[in-house]
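As given, the protein sequences belong to chains A and B, one line each in that order.
Numbering-wise, the numbering used here puts 349 at position 349 of the first sequence, and it's gapless, one number per residue.
Plus 460 on top of the position in the second sequence (first one is 1) and you've got the numbering used here.
A hint or two may mislead.
Taking CB as the label site, the calculated pair distances span [stated by the list, open to error]:
no. : chain 1 : residue 1 : chain 2 : residue 2 : range
1   : B       : Asp648    : A       : Gly459    : 52 to 62 Å
2   : A       : Glu319    : B       : Pro840    : 50 to 60 Å
3   : A       : Pro447    : B       : Asp898    : 51 to 61 Å
In short, the hints are calculated from the structure, not lab data.
Glycine included, C-beta positions come from ideal geometry on N, C-alpha and C.
Protein chains: 2
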Amino acid sequence: MSAVVKQQRSASEAPPVTQMLADFVASHASRGWSDAVEAEAHRTFMNWVGCAIGPSQHDSVATTLGAVMELSPAPQASLLGRAEKVDISNAALINGISSHTFDFDDTHLRTIIHPAGPVAPAALALAEHIGSSGRNLIDALVLGIEVSCRVGNAMYPDHYLRGWHITGSTGMLGSAAACSRLLKLDADRTAMAIGIAASQPIGVREQFGTMTKPFHPGGAAKAGLMAALMARHGFTASPRALEAPRGLMPIVSDKTDYAEITERLGQTWEVSLNTYKPFACGIVIHPSIDGCVQLRNAHGLKAEMIRRVVLRVHPLVLELTGKKTPSKGLEGKFSVYHSCAAGIIHGRAGEEEYSDAVVTSADVVALRSRVEAVIDTKVPEDAADVSIETTDGRTLHVYVEHAIGSLARPMTDAQLRAKFVDQSAPVLGAERAARAADIAARIADFPTVKELIASCTIGR
Amino acid sequence: MSAVVKQQRSASEAPPVTQMLADFVASHASRGWSDAVEAEAHRTFMNWVGCAIGPSQHDSVATTLGAVMELSPAPQASLLGRAEKVDISNAALINGISSHTFDFDDTHLRTIIHPAGPVAPAALALAEHIGSSGRNLIDALVLGIEVSCRVGNAMYPDHYLRGWHITGSTGMLGSAAACSRLLKLDADRTAMAIGIAASQPIGVREQFGTMTKPFHPGGAAKAGLMAALMARHGFTASPRALEAPRGLMPIVSDKTDYAEITERLGQTWEVSLNTYKPFACGIVIHPSIDGCVQLRNAHGLKAEMIRRVVLRVHPLVLELTGKKTPSKGLEGKFSVYHSCAAGIIHGRAGEEEYSDAVVTSADVVALRSRVEAVIDTKVPEDAADVSIETTDGRTLHVYVEHAIGSLARPMTDAQLRAKFVDQSAPVLGAERAARAADIAARIADFPTVKELIASCTIGR
Chain A
1 MSAVVKQQRS ASEAPPVTQM LADFVASHAS RGWSDAVEAE AHRTFMNWVG CAIGPSQHDS
61 VATTLGAVME LSPAPQASLL GRAEKVDISN AALINGISSH TFDFDDTHLR TIIHPAGPVA
121 PAALALAEHI GSSGRNLIDA LVLGIEVSCR VGNAMYPDHY LRGWHITGST GMLGSAAACS
181 RLLKLDADRT AMAIGIAASQ PIGVREQFGT MTKPFHPGGA AKAGLMAALM ARHGFTASPR
241 ALEAPRGLMP IVSDKTDYAE ITERLGQTWE VSLNTYKPFA CGIVIHPSID GCVQLRNAHG
301 LKAEMIRRVV LRVHPLVLEL TGKKTPSKGL EGKFSVYHSC AAGIIHGRAG EEEYSDAVVT
361 SADVVALRSR VEAVIDTKVP EDAADVSIET TDGRTLHVYV EHAIGSLARP MTDAQLRAKF
421 VDQSAPVLGA ERAARAADIA ARIADFPTVK ELIASCTIGR
Chain B
461 MSAVVKQQRS ASEAPPVTQM LADFVASHAS RGWSDAVEAE AHRTFMNWVG CAIGPSQHDS
521 VATTLGAVME LSPAPQASLL GRAEKVDISN AALINGISSH TFDFDDTHLR TIIHPAGPVA
581 PAALALAEHI GSSGRNLIDA LVLGIEVSCR VGNAMYPDHY LRGWHITGST GMLGSAAACS
641 RLLKLDADRT AMAIGIAASQ PIGVREQFGT MTKPFHPGGA AKAGLMAALM ARHGFTASPR
701 ALEAPRGLMP IVSDKTDYAE ITERLGQTWE VSLNTYKPFA CGIVIHPSID GCVQLRNAHG
761 LKAEMIRRVV LRVHPLVLEL TGKKTPSKGL EGKFSVYHSC AAGIIHGRAG EEEYSDAVVT
821 SADVVALRSR VEAVIDTKVP EDAADVSIET TDGRTLHVYV EHAIGSLARP MTDAQLRAKF
881 VDQSAPVLGA ERAARAADIA ARIADFPTVK ELIASCTIGR
């Protein structure tokens, strides 16, 4: 049986998931979930806003904005961390790009989807423009994330292994769903919106390391928003655009486990499985940094008190982040040595600790030369064994079973707030950053998103 | 060897086609091809303009315009056949949608790509806005079509069989290339534009029969235009976005014959292989209609002179277009009986002959009941054996070896012009339609596209 025939046979037996998802998005009750899910949705939203503000002056944003300004866009929706307003479709694009630029946003670990990236910027731009309540915004966010992560669950890992950047190649569905909800489209028009979006998977993994990587969630946000607007006006698509033999899913994945979409839909919530990065680098070195910061804080360590640091780590750590002597900020992200040294000296590893200045600073360079990493196949990927020998002869030790930020050891609300302020204070100023954090953390209580936008933008 | 490993191994040996195409687009001489190629480029352009004007009042256009107007777009570029102007990215979208709405546009038979659909609307919108010459517009069109059709050649048929609507899933590359050329980007920025576009393949075949089918070329046009604008401002992508192991081509096709891209690049021209439909229906029934119209014209036939029509046809004709008694315009496109009856009565089978009115008109209904179709496995797919028995006892016969509009029997310039006027006169009025045809047919001689736009729009 040829691959194409197999694809078509299995797809012809698929349940009508496009319509099922549309029915769900159009009809599920507002705040129709537990307090825990509601809280996680707010953590997801707050983390995303901070991650969009942090890189708001970055080249990835500035160059896209340059292109968008060539369209003379109407000032409909705000760019987070900036003064400009652009049309809603391009606000979704740019805020989406910004939020993934530092790769510091949220992660749905089961699929490696960054769930908020394509959904939140589209929903926020639309909410600002049409005057949606915070409640409706959070509803749209939860439902949109449910759609993209369930489609992701059905296709992961094959879809990702084939080379798709799954955040952008499922995210346009979540964006279309969220925007349909905010526009109060009925189930049939929502199915059209999801259907139009299904023709626009965005993102191939070859782009990693270029600005087009963060373009993927931004592009998906824009595509989904436009799909919802088109559906609102009566544009049509196949109501089986996801699951038909020549629909999206069989085309982009050999694995299409539709039960991942249909089972317990509306009862379990993918947003509750969301995680947030405490450190602005690949997740594989988080346990090592975590251990170093723990020992630093517990023992009041300073660089000059340290004779050497010995990390026992999973083989992947050195494979991916074994760079001994990084000379630029970005290279620092691929160096467990730099990351641990910076963590000990600065007590954190945010985007600033991956600046050129910190990566080349004398104190960090000196300490990183005293960091050793040893492969230990008995150490799992999300663990690390960290020993620090002090100049006065002590050996301090911690075994990190699950790094901070993992599902087993989530960041606390206070830590998430600190991450938000760390990223946004340099852009907004400390006072506004604090106010923005307060509002984002309980956005569902606000009648509109106006106050949030006012606190997250500058120069008005 | 797993499929993924195989994909990565073959891709790692790929030549640097992204950069090669970019170098070609940025540096190939203006009008660096034969007179025949130049003439075919103009035929492609004129045919496309007519196909975009014809459906300009259709729901697919009106609904998209409704969505776009929600963005309060700046009036930068015109919509063909209409009075409105919108921003260049959405003018590319809407004119692209319009041009494929009746499925009456051009066909690159080797790949079933509709080459102009994603390239021409992006290039025209940009040319109007930045004041490009007609010469530069035609250069951009030829080069853009070369890029998408060569990438299509490299992946066809696997890519299409898998379910991709190849027009939209290669078209964004052609659009990015054409717009890069118009913007005079250097080779490196052109590579970035093609790279950004490579993350945005648009279109799955499940959408056939819905408005999302014509969305595919329109969406591709818009994506490519935005990619070029972003590249102009310094946005980055992988310079191996097409051919790297996790680049576009290995991800969306098992067949990646890179020689189709590299060999004789700049020496042979895919636009010279373009064809144009004389009839507004699936190509499989074109030989039958052609035969009927030939006999009609040769013998001055009228419906009442005909006792019966006997078609001997390839099996696919009845499989795809065997509908005996269509009751709506669209169903008429799937009826060889209606198509031949309308062809005999009206002497043509344009979009009007597939209106509800003509499909249900008494004369056509009466004649179609006297049309018989017989499967003959000896008749090739692009041929038809047509006999007409007259009421006065004659049997008229023609064997159509290659239908009009095929590569072997291309439409003449006069026929293409008539097709243009047929489509555009109802929208523009006869005088303007004639003027538009004159200008489109020699657009490279015009210092700007202003006169063309003035003749192709209304209500100004």
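Verification of the hints:
no.: 1; hint: B:Asp648 <-> A:Gly459: 52 to 62 Å; verdict: 34 Å, violated
no.: 2; hint: A:Glu319 <-> B:Pro840: 50 to 60 Å; verdict: 57 Å, holds
no.: 3; hint: A:Pro447 <-> B:Asp898: 51 to 61 Å; verdict: 59 Å, holds
In summary, the structure is inconsistent with hint 1 from the numbered list given earlier, while agreeing with all the others.
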